[in-house]
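J.: The lines below spell out each chain.
Number of protein chains: 2
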Amino acid sequence: MFSLIKQLLIGKPLKSDMLGEQKLNKKKALAILSSDALSSVAYGPEQMLIVLITVSAAAFWYSIPIACAVLFLLTALILSYRQIIFAYPHGGGAYIVSKENLGINPGLLAGGSLLVDYILTVAVSVSAGTDAITSAFPALHDHNVSIAVTFIIFLTILNLRGVTESASVLAYPVYLFVFALFLLIGVGIFNILTGAAPTDLHTPVGTPVAGISLFLLLRAFASGSSALTGIEAISNAIPNFKDPAPSNAAKTLTAMGILLALLFSGIVFLAYYYGIVPQAEATVVSLIAEETFGRNFLYYFVQGTTALILILAANTGYSAFPLLAVNLAKDKFIPRMFTVRGDRLGYSNGILILGFASILLIVAFNGHTEQLIPLYAVGVFIPFTLSQSGMIVKWIREKPKDWQTKLFINAMGALISLTVTLVFFLTKFTQVWPVLVFLPAIIIMFHRIKKHYDAVVDELRVIPGKPPVAIKGNVVIIPVAGITKVVEHSIDYARSLSADQIIAVYIPFEREDEQKLEEKWAQWHPDIRLVTLFSPYRSITLPLNRFVDSVERKAKEENYQVTVIIPQFIPKKGWHNFLHNQSGFLIRTILLYRKNVIVTTVPYHLKK
Amino acid sequence: MFSLIKQLLIGKPLKSDMLGEQKLNKKKALAILSSDALSSVAYGPEQMLIVLITVSAAAFWYSIPIACAVLFLLTALILSYRQIIFAYPHGGGAYIVSKENLGINPGLLAGGSLLVDYILTVAVSVSAGTDAITSAFPALHDHNVSIAVTFIIFLTILNLRGVTESASVLAYPVYLFVFALFLLIGVGIFNILTGAAPTDLHTPVGTPVAGISLFLLLRAFASGSSALTGIEAISNAIPNFKDPAPSNAAKTLTAMGILLALLFSGIVFLAYYYGIVPQAEATVVSLIAEETFGRNFLYYFVQGTTALILILAANTGYSAFPLLAVNLAKDKFIPRMFTVRGDRLGYSNGILILGFASILLIVAFNGHTEQLIPLYAVGVFIPFTLSQSGMIVKWIREKPKDWQTKLFINAMGALISLTVTLVFFLTKFTQVWPVLVFLPAIIIMFHRIKKHYDAVVDELRVIPGKPPVAIKGNVVIIPVAGITKVVEHSIDYARSLSADQIIAVYIPFEREDEQKLEEKWAQWHPDIRLVTLFSPYRSITLPLNRFVDSVERKAKEENYQVTVIIPQFIPKKGWHNFLHNQSGFLIRTILLYRKNVIVTTVPYHLKK
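Protein chains in written order, with this note's numbering: chain Z, 3 to 610; chain Y, 3 to 610.
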């Protein structure tokens, strides 16, 4: 039943050796891994203008030099990540790069930061996309949360089906979005060149502006840098690429960087040229589209694809989170279950937990996850800074060919990333302080988990030539509730084990029951010792525990092993379980967890 | 931890032999078992007037003859239940009386009807009481549901603590309510006798009224009869009384009947004399109290005690439901767990399920359980009719002394109860139709449960002189995940059992793992056969199932028993369980439920 529904949703299980076929070619990889980064241009330029407008609209010309700085940072990051891809062909996320070059704690800082960040990616992107849809159809506004949750469930199922299949579905909207924005930018520039656009809407570059400060410009830069969130996804996902994975990944990264740069510059330039002022009700992209096309089909096409890509940006989280989790789990910092491949060869535990956590976030914030955006940006730039610092260390340590050039690129990237991070902390502390709490908490958790795993390995290791103390004999205890076939079968079984001693234990709540069973027993199995433990408080476990303890103590002295055999009948239909007390299950759990005895369950399958 | 919280809430466990001390004396029994019946006078007269006002206020004089009819029915019911108490001294609820005299299905109809009805009692009474409180304090209105749920949780805990202790708490409000109403009725009649009350507010008895019909009068009578809900509680609860239980119960029942008759008559008379017209915002009792006292302390005293007794009326459900459940469970129509006494000797499963179900109802109806009142009344009058019909059959069959008189009383009661039931169906079908669905469903469920229990007893019975086929030998299968101390211990144990064959099973997902373990195993335990089952679909249970099947088939031919020994390490701290896959648990469950093998768990307790 359950497995049938599962198959319907995610498809038939795949064999392990079909793994190769699930891998991504460049075109699909670009679609699946870049929706987060590309969708950022929908809000990055706007964030920048929102900071500049606090001085005056005359300051808008600063968006051009700031955009150049962002492009510079983008170039540095792309170049740096290309180097990382080749240096770490098995997946060079911030976690691995930081861990190998800076040490374990910086690595965990990067890893923990990204792990939380991918959850935020999913929650923030899906809510933003849902907002875009319900702005277009206000009747749906009250159902924001349920729509967002439905989208997340849909994405989760798609990803459980497998990487390639989800790529096929997701490729179209991403390419449509890129096409729509290129059309917008192309028509806009064509209008400007042919003189069809008004030329008096903007102040010339270089106009002096009163009240501008370096602090403000840095803040605008940091805000604009939020357009770069998501570019690390490709370097994390190298194992998902078809061979030769590193070179395919590097090419995809470059293509994404170029697309991102073109779209970002185009939007910033048109916004500046048209003198767009950010508004609460309409996004900057929407205003540009309206200025360029008017409110016609093309306008709605741009808006629609923007909404769609925001929702799909969440998919980046689905690609990156499980892979990062595998890396952390292999190093034993998070539970081992994250390394297990599901029926369709995806890391289904990671996918499920990501979906679950982001649904929790959306429900907890009632769909208003905008408040999480600064947190989200900081969570990206911390690992950016760490991984590029790691590369600096690597170049200095290894000194390969052209290491000075490489060092320079990474140093620039690290410096700018660090600046962006610090500016976020300085200017938006009230929104980003939670990272100072949860990152240390996560790192402590990582260490505790690793400590436990290490201890287990240590304890379980078999030391050659040092066999354990051999078991000399067996004492079997059978708790009985009456004289039935189940008990008969259990006694029969105990005898077949050639146990040295068999003790039946009966725990009556009433004195008359005690006497009655003792008499019957004496007739039925006079050769098997029956111990009755009268329980005035009507507890089965307490007297049984005490009895097992006393038997165990004596048995231990002579290296005898105590086994408790629990006769249990198994009903034929599920609902029948409600009709029988589950004391067998309870006894088993308590004995296994608290005592050093072996617990055997003798099933008796009811036929009706 | 859990048991500490439990002790704090419900007190220390009591020994079984302290049962006698938990029993009720007459004064406490009256308080604990009559709050439902007595609280009905708060709405019974009002229901009657609401029907009459549909003709005209002039028709109000009919409330006097109708009240006489209700009093007649009350007398018949009380006399009948006194006879039942003496005829069935071990608890003579409608279930037992109907079952013994009319047959099993009428008994189940009565029992199922009451079982659902007690849940409705709790939900309806608590919501009504909560409404009364939040009417007085409108600020609390938005929290209606949470307040009602809190009251139910409070009542549940009280009843888990034990009958006597809750009686002590509950006695005061009941007696205060009776005192308040007697004060109200006494002062009202004193005013009338001394001429202090206006005499022109009512039409004289016998005034002709246009548009009155027998149908309407029957409907008013049925509505007024809702004041009689709850009087069956005492006859169900005879085992809760101190010895001599039947005579104590009969005396308590008579006392309750007299109190109920006095309060009901007083309220109806004052309502008639003052010409009270039912209003949406104020209850009839409230209007009478205002007319009698004005809005002073005494008015609030009447209102306060009324609110309180409505909430406590729910307690009748808590006394009656578990006892009825015990009777049904002893006859195997509902799960056996209802017969188990909890720490404090109450039937805690019944108490908990009643609390849980009524909370569900309140949440599902968002606190507006008034809609359930007709359903509730029908649920009472169906068993009334059945139990009195049962008594008719009993008198005819047994023909004791004065059987004609007894027969007459019960026949009258049965006839009136049946009439009330039919009138409810005729006049309020849209509200009471659900009983036609859920009562048959419940009765079918009862039968299916009994069938299962009977089949189990039959199957488990040991037939003397016909021992089962003896076990000739043992085959042990040990699923292993690697070479560890847990596995070592398991092998050691299997050897100590002198098993005829030990097979270790390894299920690798990768070919390289397979080879690696095989090599290691050959060095470690060359004497123990290792079977590797490569699993391309990464499932542990499927290949293991198949393997166990094939071993089992062969073993069965020679009467060998197959045992699967599962090595399982038990972490020291609870949260560590998340760090290990629970495949041991999964394997055990699947094998026990699907296969005819014995499952043994060898625990290895981690020390760190």
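No lab work stands behind these hints, which were simulated from the structure alone.
Just so we're clear, the structure is a prediction, and the values are computed from it rather than from any experiment.
Among these hints, one or two may not hold up.
As the list claims (entries may be wrong) - Below are the DSSO-like pairs computed for lysine-lysine, each with C-alpha atoms no more than 27 Å apart in a straight line:
no.: 1; chain 1: Z; residue 1: Lys332; chain 2: Y; residue 2: Lys574
no.: 2; chain 1: Y; residue 1: Lys453; chain 2: Z; residue 2: Lys597
no.: 3; chain 1: Y; residue 1: Lys575; chain 2: Z; residue 2: Lys334
no.: 4; chain 1: Z; residue 1: Lys244; chain 2: Z; residue 2: Lys453
no.: 5; chain 1: Y; residue 1: Lys452; chain 2: Z; residue 2: Lys574
no.: 6; chain 1: Z; residue 1: Lys558; chain 2: Y; residue 2: Lys575
no.: 7; chain 1: Z; residue 1: Lys609; chain 2: Y; residue 2: Lys575
no.: 8; chain 1: Y; residue 1: Lys28; chain 2: Z; residue 2: Lys8
no.: 9; chain 1: Y; residue 1: Lys17; chain 2: Z; residue 2: Lys518
no.: 10; chain 1: Z; residue 1: Lys609; chain 2: Y; residue 2: Lys474
no.: 11; chain 1: Y; residue 1: Lys334; chain 2: Y; residue 2: Lys474
no.: 12; chain 1: Z; residue 1: Lys453; chain 2: Y; residue 2: Lys609
no.: 13; chain 1: Y; residue 1: Lys8; chain 2: Y; residue 2: Lys25
no.: 14; chain 1: Y; residue 1: Lys610; chain 2: Z; residue 2: Lys558
no.: 15; chain 1: Z; residue 1: Lys334; chain 2: Y; residue 2: Lys17
no.: 16; chain 1: Y; residue 1: Lys17; chain 2: Z; residue 2: Lys574
no.: 17; chain 1: Y; residue 1: Lys609; chain 2: Z; residue 2: Lys609
no.: 18; chain 1: Z; residue 1: Lys575; chain 2: Z; residue 2: Lys522
no.: 19; chain 1: Z; residue 1: Lys518; chain 2: Y; residue 2: Lys452
no.: 20; chain 1: Y; residue 1: Lys334; chain 2: Z; residue 2: Lys522
no.: 21; chain 1: Z; residue 1: Lys574; chain 2: Y; residue 2: Lys575
J.: Would you mind marking each hint as holding or not holding in the structure?
T.: Structure-based check of all given hints:
The straight-line distance between the Cα atoms of Lys332 (chain Z) and Lys574 (chain Y) is roughly 22 Å, inside the 27 Å bound, and the hint therefore holds. For a cut-off of 27 Å, the pair hint linking Lys453 (chain Y) to Lys597 (chain Z) is broken: about 39 Å separates their Cα positions. Using a Cα cut-off of 27 Å, the hinted pair Lys575 (chain Y) and Lys334 (chain Z) holds, with the two alpha carbons roughly 17 Å apart. Distance check on the hinted pair: Lys244 (chain Z) and Lys453 (chain Z) sit about 36 Å apart at the alpha-carbon level, beyond 27 Å; violated.
At roughly 15 Å between alpha-carbon atoms, Lys452 (chain Y) and Lys574 (chain Z) fall within 27 Å of each other, so this suggested pair holds. Restraint check: the Cα-Cα separation between Lys558 (chain Z) and Lys575 (chain Y) comes to about 25 Å, which is no more than 27 Å; the hinted pair holds. For the given pair, Lys609 (chain Z) sits about 40 Å from Lys575 (chain Y) by alpha-carbon distance, which is inconsistent with the 27 Å threshold. Annotation: proposed proximity of Lys28 (chain Y) to Lys8 (chain Z) is violated, straight-line Cα distance about 61 Å (limit 27 Å).
Restraint check for Lys17 (chain Y) and Lys518 (chain Z): the C-alpha separation of about 21 Å stays at or below 27 Å, so the hint holds. At roughly 24 Å between alpha-carbon atoms, Lys609 (chain Z) and Lys474 (chain Y) fall within 27 Å of each other, so this suggested pair holds. This hinted pair does not check out: Lys334 (chain Y) and Lys474 (chain Y) have alpha carbons roughly 38 Å apart, beyond 27 Å. This hinted pair checks out: Lys453 (chain Z) and Lys609 (chain Y) have alpha carbons roughly 13 Å apart, not beyond 27 Å.
Our distance criterion of 27 Å between C-alpha atoms is met by Lys8 (chain Y) and Lys25 (chain Y), whose separation comes to about 23 Å. Using a Cα cut-off of 27 Å, the hinted pair Lys610 (chain Y) and Lys558 (chain Z) holds, with the two alpha carbons roughly 22 Å apart. Between Lys334 (chain Z) and Lys17 (chain Y) the alpha-carbon distance is near 50 Å, which puts this suggested pair outside the 27 Å criterion. With a C-alpha separation of about 36 Å, the suggested pairing of Lys17 (chain Y) with Lys574 (chain Z) is violated against the 27 Å cut-off.
A threshold of 27 Å between alpha carbons decides the hint, and for Lys609 (chain Y) with Lys609 (chain Z) the separation of about 43 Å lies outside it, so the pair is violated. As the CA atoms of Lys575 (chain Z) and Lys522 (chain Z) are separated by approximately 32 Å, the hinted pair breaks the 27 Å bound. A hinted pair counts as satisfied when its Cα atoms are at most 27 Å apart, and Lys518 (chain Z) with Lys452 (chain Y) qualifies at roughly 25 Å. With a CA separation close to 24 Å, the supplied pair Lys334 (chain Y) and Lys522 (chain Z) stays within the 27 Å bound.
With a C-alpha separation of about 35 Å, the suggested pairing of Lys574 (chain Z) with Lys575 (chain Y) is violated against the 27 Å cut-off.
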